[in-house]
Amino acid sequence: MEMESLPNGNSAAAVAAAAAAAAAVAPSSKLNQLAESLKLEHQFLRVPFEHFKKSIRANHRIVEKEMSAVISGVADAANADFSRDEAVHHLNSLVSRLQGLKRKLEEGSRTEHLQAQKCRARLDHLESADADNLSDWNNMRLKRILVDYMLRMSYYDTALKLVESSNLQDLVDVEVFHEAKRVIDALQNKEVAPALAWCAENKSRLKKSKMESKFEFQLRLQEFIELVRAENNLRAITYARKYLAPWGSTHMKELQRVMATLAFKSNTECATYKVLFEPKQWDYLVDQFKQEFCRLYGMTLEPLLNIYLQAGLSALKTPYCYQDDCTKEDPLSQDSFRKLALPLPYSKQHHSKLVCYITKELMDTENPPMVLPNGYVYSTKALEEMARKNNGQITCPRTGFVCNSSALVKAYIS
Amino acid sequence: MELGNIKDTFDRVAKKQKLSSSKSQEVIDQVGHEIENALAKLQGDPASPVDQKSILVELQTKLSIIGSQSQLEGSQKELNINLSKYTKLLEKSFNPDISKAYRNVDFDFHTVNQIIASHFYRQGLFDIGECLTNESGEPEDTALKSHFLEMFQILEAMKARDLEPALNWVSNNREKLKQNGSNLELKLHRLQFVEILQKGGRADALNYARTYLAPFASLHMDEIQKLMACLLWAGRLDSSPYSELMVPSLWEKLAEELTRQFCSLLGQSYESPLSVAIAAGIEGLPTLLKLANVMAAKKQEWQAMKQLPVPVDLGREFQFHSIFVCPVSRDQGSEENPPMLMPCGHVLCKQSIMKLSKSSTRTFKCPYCPAESSVGQCMQLYF
Chain A
91 MEMESLPNGN SAAAVAAAAA AAAAVAPSSK LNQLAESLKL EHQFLRVPFE HFKKSIRANH
151 RIVEKEMSAV ISGVADAANA DFSRDEAVHH LNSLVSRLQG LKRKLEEGSR TEHLQAQKCR
211 ARLDHLESAD ADNLSDWNNM RLKRILVDYM LRMSYYDTAL KLVESSNLQD LVDVEVFHEA
271 KRVIDALQNK EVAPALAWCA ENKSRLKKSK MESKFEFQLR LQEFIELVRA ENNLRAITYA
331 RKYLAPWGST HMKELQRVMA TLAFKSNTEC ATYKVLFEPK QWDYLVDQFK QEFCRLYGMT
391 LEPLLNIYLQ AGLSALKTPY CYQDDCTKED PLSQDSFRKL ALPLPYSKQH HSKLVCYITK
451 ELMDTENPPM VLPNGYVYST KALEEMARKN NGQITCPRTG FVCNSSALVK AYIS
Chain B
32 MELGNIKDTF DRVAKKQKLS SSKSQEVIDQ VGHEIENALA KLQGDPASPV DQKSILVELQ
92 TKLSIIGSQS QLEGSQKELN INLSKYTKLL EKSFNPDISK AYRNVDFDFH TVNQIIASHF
152 YRQGLFDIGE CLTNESGEPE DTALKSHFLE MFQILEAMKA RDLEPALNWV SNNREKLKQN
212 GSNLELKLHR LQFVEILQKG GRADALNYAR TYLAPFASLH MDEIQKLMAC LLWAGRLDSS
272 PYSELMVPSL WEKLAEELTR QFCSLLGQSY ESPLSVAIAA GIEGLPTLLK LANVMAAKKQ
332 EWQAMKQLPV PVDLGREFQF HSIFVCPVSR DQGSEENPPM LMPCGHVLCK QSIMKLSKSS
392 TRTFKCPYCP AESSVGQCMQ LYF
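The listed protein sequences derive, respectively, from chains A and B.
Letter by letter, the first sequence follows residues 91 to 504 of the numbering used here.
Letter by letter, the second sequence follows residues 32 to 414 of the numbering used here.
Don't take every hint at face value.
To be verified - BS3-like mimics (lysine-lysine), calculated; alpha carbons at most 25 Å apart, straight line:
1) A/K129 to B/K54
2) B/K46 to A/K194
3) A/K155 to B/K119
4) A/K208 to B/K47
5) B/K257 to B/K209
6) B/K38 to A/K208
7) A/K438 to B/K330
8) B/K131 to A/K129
9) A/K192 to B/K72
10) B/K119 to A/K293
11) B/K131 to A/K438
12) A/K233 to B/K108
13) A/K120 to B/K123
14) B/K131 to B/K47
15) B/K108 to A/K208
16) A/K192 to B/K119
17) A/K144 to B/K54
18) B/K284 to A/K418
Worth flagging that the hints you see were computed from the coordinates, not collected in a lab.
Just so we're clear, the structure is a prediction, and the values are computed from it rather than from any experiment.
Given only the sequences and the hints, what does the whole structure look like? Please build it.
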């Protein structure tokens, strides 16, 4: 369909044409970019795998515990002096224990199978990305990134709605975040029990990590402080003997500092100790838990959305974005994006990249820039079109300056 | 990165896990079996005496034999080896920490929440957007929401082949659409005309043309003439020379054009700004991560910098502004240092020209061609 001549450089029709031109980019470079971007998906594969490993470990532990209980049960019976009936009774209890173990293992097996399937589904999803479904696949990726953000911010209803509307169940980690939520909610209610349980569950992994994890120590310290706050000093001391003393060899200074709170009341004005009684300490615990949790599961600490958004904003940021006549197609024409991008570095270019004001297309060697006598520059294509429709007359859309197309001069930009 | 290899490695892990699992079941069954045997011996004949101690000791010995023979530990060890192999493979094939390029600046989550809500409205996911506004406690952008609600209502109607809302909208916004150089109204009327022709027949179509197409006659005579000719093929337009007016993709194209114009009139972009920014981020992050690594190795400061030290190459679709880079100084053009056109056609930034001409006193040679020029002959360019 024919379009009328385009007087306004911001016309939506011009943008459509530019978008069409951009879409005709050589597909191989798009595929290269896709391959590079897949390498960013470590978290996508790692989290369900860690979950899978955790189930395997938990099931191993159950087997070990129950089996050694049964075997030592037999040993006890062999050493004791049981009557016939006692022996029968004892062995029956061992049999039912084994049956219980079998049932648990079957359930555990089902869970492991589902988790392995999830790992495979994600590998398949990565493999499925190709030139034909690129825009759909990218759309899915944006949705995954949004779900990750919602879960981290605890907007669970929104996350679930998004997951259901796009069938993302296998591609997101809702249960993992629910596990974290339980501990975080408890900590925000000043309860350490779920957090301590979590530490016990993951003891072997927390030890293996390169940084010595002292999260458990911090939890114990906080419980101690709460006992002191409630003026249960005797109980506090017993608690310290049992739970804090083992950490003394590695964290003596901190231990001493906290123990000293025994000498103060919770409303003390002494700065060093006042801070230990503040509710903010619980916030530190929540933050520390989040760090440990993310590290164990191979997740980034920050939401994926923030990571990608920062990168994108910085790559797009130029001084022109903040001017009033910035094209609306640039995300940085929006106030909210401008605000986010303020503290981020500007992008850098090593080579000129010029965009025609009229057609929004790149002005390069195939479509070189032409200069009007008043210094304004437009692409050859735009000016040829304009001349054709107006008997060789050129009108600058920005200044209204009129000239003949013969007055145009070619500019050579390297 | 070989996804095939990674999948094979995972399959091995899954296999070892199943093996280990079945070994566990085997051992449990064996132990259970022996205990049952011992029980049977103990319970055997209630009349005859039984040496329970020796039965129990025998059971204990049997169990320890099972224990030593079981391949349970071995299979678990194999499994663990494969588990850690897979973890290492993932760390090698993928970038294990993409947050290395993250800057610890104030990234206000309220702003991010509002951006996401607007994104949902744009995509037509109104209930998800509302849910987010509720859960996050952010103020609702009712104006934006109602605009996009209107747009989606028009588009939904179009999907059901109902052009009424669309036609209402274009007639309400006739002037602005004209300013934008769009002939959307004509296209919509044309589509409606063809629909009527297919269903209602000549009389209705003719009436419609008289009412709605006539105003376009002066500017678009050839289009109107085409449409009038269609009257001759009422009901069998697909066998006419104008069959292209019936293709279903016309509806999609028109829906797209309406969306573009609608957004443009709203002062919004066609693509969701969040989609564009994230797409740019996905393209640019690998370069930024490499840069962060290099700078960390050299112990250079990553967090506070005014400008990225290297270019991040993005696709053409992300080029929204003209950026002039002087080939001599590599400086970016700005108001204080604009690009200047020399008579030979080459362009340098003003400061480079001043340097070459020793502050505008002498003529100088263009670095690219042997042509000489003076400062006065150079003209400022506006891209």
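Going down the list of hints, with the structure as the test:
1. A/K129 to B/K54: It is violated: about 37 Å lies between the C-alpha atoms, which goes past 25 Å.
2. B/K46 to A/K194: Satisfied, since the Cα-Cα distance of roughly 21 Å is no more than 25 Å.
3. A/K155 to B/K119: This hinted pair is violated, its Cα atoms lying about 30 Å apart.
4. A/K208 to B/K47: holds, 17 Å
5. B/K257 to B/K209: Between B/K257 and B/K209 the Cα gap is close to 22 Å, so the pair holds against 25 Å.
6. B/K38 to A/K208: Holds - the C-alpha atoms of A/K208 and B/K38 are around 13 Å apart, at most 25 Å.
7. A/K438 to B/K330: holds, 21 Å
8. B/K131 to A/K129: With a Cα-Cα distance of about 14 Å, the restraint between B/K131 and A/K129 holds, given a limit of 25 Å.
9. A/K192 to B/K72: holds, 24 Å
10. B/K119 to A/K293: It holds: about 21 Å lies between the C-alpha atoms, which stays within 25 Å.
11. B/K131 to A/K438: holds, 20 Å
12. A/K233 to B/K108: violated, 39 Å
13. A/K120 to B/K123: Roughly 23 Å separates the two Cα atoms, so the pair holds.
14. B/K131 to B/K47: Violated, at roughly 35 Å.
15. B/K108 to A/K208: Holds - the C-alpha atoms of A/K208 and B/K108 are around 24 Å apart, at most 25 Å.
16. A/K192 to B/K119: violated, 33 Å
17. A/K144 to B/K54: holds, 19 Å
18. B/K284 to A/K418: holds, 22 Å
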